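Here the sequence shown is numbered in our numbering, starting from 1 and rising by one per residue.
One or more of the hints may lead you astray.
[Unchecked claim] Below, a list of computed lysine-lysine pairs in the DSS-like style, where the Cα atoms sit at most 25 angstroms apart:
{"id": "1", "residue 1": "K259", "residue 2": "K196"}
{"id": "2", "residue 1": "K179", "residue 2": "K196"}
{"id": "3", "residue 1": "K428", "residue 2": "K160"}
{"id": "4", "residue 1": "K888", "residue 2": "K428"}
{"id": "5", "residue 1": "K428", "residue 2": "K1079"}
{"id": "6", "residue 1": "K907", "residue 2": "K888"}
[To be verified] So the derived label-pair ranges between C-beta atoms look like this:
{"id": "7", "residue 1": "N1021", "residue 2": "V803", "range": "47 to 55 angstroms"}
{"id": "8", "residue 1": "E337", "residue 2": "G28", "range": "33 to 41 angstroms"}
{"id": "9", "residue 1": "Y794", "residue 2": "S920", "range": "54 to 62 angstroms"}
No lab work stands behind these hints, which were simulated from the structure alone. Keep in mind the model is a prediction, meaning the values are calculated, not measured. For glycine and all other residues, C-beta sits at the position ideal for the given N, C-alpha and C.
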Amino acid sequence: MENDDLCELSNLNENAVVDILEKRYASGKIYTKSGLVFLALNPYENIGSCGGETMQSCSSYSHPHVYDVAEASHQDLLVHGNQTIVISGESGSGKTENAKLVIKYLLEGTASSTSIEKGITAANTILEAFGNAQTALNDNSSRFGKRIKLMFDGKITGAKFETYLLEKSRVTHHELGEKNFHIFYQFCASKGLSLKNDFIDTSSLAGNKEGLIRLSEEYETTCSAMKSIGICSLKAIEDCLLGILYLGSIQFNSDGILKAVRNEYFTEFCKLHGIQEDTFEESLVKFSIQVKGETIEVFNTLKQAITIRNSMARLLYSNVFNYITASINNCLGGSGEHSISVLDIFGFEIFESNGLDQLCINWTNEKIQNDFIKKIFRDKQKMYKEEGIEWSDVECFDNNQCILDFEKPCGLMDLISEESFNAWGNVKNLSVKIKNYLNGRIRTKAGDKIVVSHYAGDVEYDLRSFLDKNREKGNLRIFKNPLIADEESKEDLVKYFKDSMNKLLSSINETQAKYIKCIRPNSHRRPRIFDRQLVSKQLAECGILETIRISKQCFPQEMAKDEFESRYRILGPTLFEVVSIEKGETRYFMNNESLKILEMRRLMFYDECFRNIRRALRSYLDGRVLSKKQSITFVTKPMDSGPALIDNSSMELPIQRDFSTEESHSLAESREEQRSYAEIIRDLELKIEQYKKFCEAPCRNCRSLELKYRFQSEALKKKNMVELELEKYKAKVEDLERRLSEKDDDDSHISISFTNSYNVFSCLVQLYLEFVPTFSSDEVPKSEILSLAHSAFYAVNKLGRDVVESSICMVGEVSLKLHMFERNIHKVSFILSNLIEYEGILRRQGIGSIDEVKGLVSILFKHLCELQRSSLLEVLPHAVLEHQQLSKFKCSEGYFKRIFKPPHISKLIRLLEYFYHQMSYYYIPDPYVMESVNYLLKTINVSVFNEILVKRNFLSFNRGVQINYNINEIDKFCRSINYLEGMFNLSHTTSIIRLINLVESRATADSILDECSILNCVQINEIVSKLDAEASYFFGDDNRSDKFISDPTVTLPSYTEASSDSFICPRYLPSESLLSILKSIR
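All chains should be modelled from the sequences, with the hints used to inform the complete structure.
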């Protein structure tokens, strides 16, 4: 038994699978089918590939080949839409080579243009030189991920390369036994450079003549490839490469003041890029800070200067790589409705020392594995059950928890980003935060290391390089090279990578995916050696046994009923007798052979139809066979005993000849004068071929509809998953609270001691932010709402340091976390109230006002007012101007106003009441509450008044009555909160109402000026003209020429009361967590 497909195994177990793979590998058969996943072992030698004939007819090949996957994707392209081939595996397992074979097959198999083939080959050559390097696992390891998207329009018309996470750190550092990117060695060999510095060592090439020749030839090949795809800036690229090499030789000395050593490399670097030496040195050894409007220059430490130098080199290389990728895409760009993407993503990596690059690489593999599990195990099993197909559940390892620890709020990636851009961020703080927030699958170790439990096993990461790699500090503004972006990099690598990875997975999910799993047969990178333990480990990681079990139950092909019936109805009801098809509730299921037969019969039917049409048209034009009126009829019947799929049982193409023989002779003569029969036939045949292609292509509307519902379904699934996760977290919190309550009152369980102010306040603020009570009818005591202020002051006292300095630290931590709650009005109110209380505590202690605390109070209060204003503007000014409550004074409305009713005035009142009671709920002092109400009332006044001035044919007596009613509703609100003076803020709007009444009663100009003194003459004239265009009032000039009133500003109220409350542990917090933080301060 050949066992080309592991799904044919009757006795399925791990040893049986490994035995078959070992026998096949020994006989040179590196490819094996395993149902939904295609296995490919790396032979570590050239075993030859299929020739042209085999590639033309892959199905006739005697053994499985990676070409099978390419052919299946090409066949499914028209039936199932866009395709993605996901090639995954460990580093050194042969992913890149298999990706090349897939692309080669698609290019040759579709008889695509040779220029496209040469362009893609050249692009691969360039990207390998600039993106590949020698590692401990692979001499030609891809240090970036790439997705090659081939555009189809019958054949391949173009390609697009998308790259992910270039390992920039390799430019400046690589482990012992590894090397920098290939391009540097090729460049040095070609230019005769022998260097040994902090970045690279090419001194060993001097005595290796064969190596020099080989590398020089590779560089020539790379340059030729760049020229062939239109990269003209070869000189600029070489200048960047040479500049990076020079940067590695720039050193520093510190003789009281840090300086750069102005050696030959320093000088040559400045000449190369046209930079003044002093300017370049200052960019390395100094940095500027702004203090109260003044710029102060500060010298870097030696470590900081080296970090800036290295960042500059990495950013230079990243710019070159991005430029090359963009140039490739400009050259290879094509168009087409369909595409096949080949994803060659970096493999899972475990080195002796793993940094941020390895973390991101392994994070990507976790996401792809999770997406595979979701599609193959969860979604497919659920679908078969819903369709009523017989199914036996298959369990599989779930890595959701690992991804959750990475991506949740305050997860690992959030913590890295936060600490990277914290002015006082350091590795120690990051380690403490990871321990506090992620004390689960991510464990901290001594020496600033963490251990993450991946699906492929536990991996240890060194945190010491995380922060520097996530925030590049090099300034590229000093460069004049056209390839370099003119900006200072502030890139958050983790955030950028997360966004690009989510975008990648989203685009994969819009296509039908096929999976190739590459296996590394041994760790020695030698042919004919099969390490059973290593292979078994890789098979277990990707869940191959479970995948085979699912594949045994699955049908390889599935299609929605509507799409199936629309596509194959022309074949009639007998098709179910010819092929084996399983009917589900909404889908049809079949094997590959059945789909192939259906497609062949469909194509044969259309071929026969087109032959008949051509024959009939030729006969008609020749005037030999057809009578004066004939028709070609195609009869279609229902596919089963159900209702017919189309209304008409036949389609007719009428061909009429209602003219005499003499007329035909004269018409023939005129036809000969215009064009020959042959030309007419050729045109008709061309149109028939176009129609044939149209019939073979899937319906765009159906495809769009399917995508629409697929997205809606995915959104619903995500919502359900979020709700499930929330329930899990609630259960975990309850369990933790129960377990903590069972502990003794002693402090033996406290494992952390805080001596750093930033750590204390960071944990304290984060704890309160997570459990802020939400505004509701259930009142929370004032002492509990203001507990944060008192616990913070308790921490300040216990730290035993300067109160002002510690208070500034606390304010700094709140400022850093502002982005986490700035859109949450409840949390903004809570923090504002506690900061005001903290000021009161300081006053009670006899400590004067601290500018930083007062400044943050001002910022938060103004931000709160703006949040409230934004909500009001959603109903303004229409709720006041256009809501008509009084039916007796109804104003005429346009067509759209009758359909789209303006917001009710009660909605505006509810918003005002909500904001007032919400601020009171959080015990924001009355002066602040009243100032907020003033600001909101002024906002109403400005919005309504200015809108009246710009509206045409709007004002009338009846309109004034309606507006007056709505203003009275606002007055009721002010009275309900005992704020009678509030209506003074609406004085412009109330003056308009008085002015309407005065004009209606024909009052004099003087009385109008007296009654509406707040309005200037320009405004009065404008309003009167809108009320009565023929009115002959003269109001003079009062030197106030502004027509519109300006938006209000927020004024910080004066509040000097001292706090009289004391610290109390609030009920809304887990008390053990708060007490643990406070007790652990030393």
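Exercise. Go ahead and decide if the range 54 to 62 angstroms is satisfied by the Cβ distance of Y794 to S920.
Key: Cβ of Y794 to Cβ of S920: about 26 angstroms, so the range 54 to 62 angstroms is violated.
Self-check item: K259 paired with K196 [C-alpha distance capped at 25 angstroms]
Solution: 22 angstroms, holds
Self-check item: Proposed proximity, K160 with K428 (alpha carbon, max 25 angstroms)
Solution: Answer violated: K428 to K160 is near 43 angstroms, above 25 angstroms.
Exercise. Measure nothing beyond the straight line between the CA atoms of K888 and K428; if it is 25 angstroms or shorter, mark the hint as holding.
Key: Roughly 73 angstroms separates the two Cα atoms, so the pair is violated.
Quiz item: Are K907 and K888 close enough, with their CA atoms no more than 25 angstroms apart?
Solution: 22 angstroms, holds
Quiz item: Within 25 angstroms, alpha carbon to alpha carbon, are K428 and K1079?
Solution: 20 angstroms, holds
Self-check item: N1021 versus V803 beta-carbon gap, inside 47 to 55 angstroms or not
Solution: Check failed, 60 angstroms falls outside 47 to 55 angstroms.
Quiz item: CA of K179 to CA of K196, is that 25 angstroms or under?
Solution: With Cα atoms ~13 angstroms apart, K179 and K196 stay inside 25 angstroms; holds.
Quiz item: Using the C-beta atoms of E337 and G28, is the stated range 33 to 41 angstroms upheld?
Solution: Hint holds: Cβ distance 40 angstroms, inside 33 to 41 angstroms.
Violated hints, in rising order: 3, 4, 7 and 9; the structure is consistent with all others.
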